[in-house]
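full-length UniProt numbering puts the first residue of the sequence shown at 1, with every later residue one more than the last.
None of these hints come from the bench; they were simulated from the model.
In this text the structure is predicted, and so the values were computed from the model without any measurement.
None of the hints are false.
Derived SDA-like pairs: lysine to any residue, alpha-carbon spacing no greater than 25 Å straight-line:
(1) K73 with N22
(2) K73 with R55
(3) K73 with G32
(4) K73 with A83
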Amino acid sequence: MNKDRTANLLGALALGLTDALNRETEMRAEHGATAPAALVTVGFHPGESIDGLSRTLGLSHSATVRLVDRLTKDGLFERRGGADGRTSALYLTRRGQARRRAILQGRRRLLTEVVGPLSDDERAALTGLMERLLNALTRDRQHADHICRLCDERICPSETCPVECAVT
Numbered sequence: 001m002n003k004d005r006t007a008n009l010l011g012a013l014a015l016g017l018t019d020a021l022n023r024e025t026e027m028r029a030e031h032g033a034t035a036p037a038a039l040v041t042v043g044f045h046p047g048e049s050i051d052g053l054s055r056t057l058g059l060s061h062s063a064t065v066r067l068v069d070r071l072t073k074d075g076l077f078e079r080r081g082g083a084d085g086r087t088s089a090l091y092l093t094r095r096g097q098a099r100r101r102a103i104l105q106g107r108r109r110l111l112t113e114v115v116g117p118l119s120d121d122e123r124a125a126l127t128g129l130m131e132r133l134l135n136a137l138t139r140d141r142q143h144a145d146h147i148c149r150l151c152d153e154r155i156c157p158s159e160t161c162p163v164e165c166a167v168t
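Make a model of the complete structure from these sequences and hints.
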């Protein structure tokens with residue numbers, strides 16, 4: 001087997017999936033590229049700070065503030081006083097929770113379609129390979145949070161997540 005071809009096919013698959021996921025999640029979020037991940041992250045981590053969200057999304061503090069302002073204005077986020085009294089704690093509104101569910105459902109539907117042609121044995125083999133690759137890809141806590149920013153953590157809980165296991 002040719003390693004270069006395998007790597008090239010993986011790159012094409014990754015890019016194709018990224019493009020399809022971005023289209024799907026942006027459509028469901030009704031916002032740009034970072035909003036879906038912000039909604040998913042804050043939904044899984046209620047009370048997240050702007051600083052924490054900024055690190056997870058890989059955005060500057062000012063870009064994260066602008067994103068939070070837009071999502072708050074659209075009734076998806078709610079700001080509350082943070083633990084130290086100086087920061088804001090972010091929460092999803094009911095509308096934000098509904099949008100988050102739609103994002104995760106759309107993502108799950110798309111990814112299920114992609115692996116649909118595989119047999120159960122092929123899917124099991126692919127799962128094992130992806131777990132190994134994700135474990136090897138993960139550098140640190142911040143990178144782990146960034147990798148999993150659109151994950152449905154009910155399907156892949158922390159105790160079995162290969163990304164989480166790589167940093168704990």
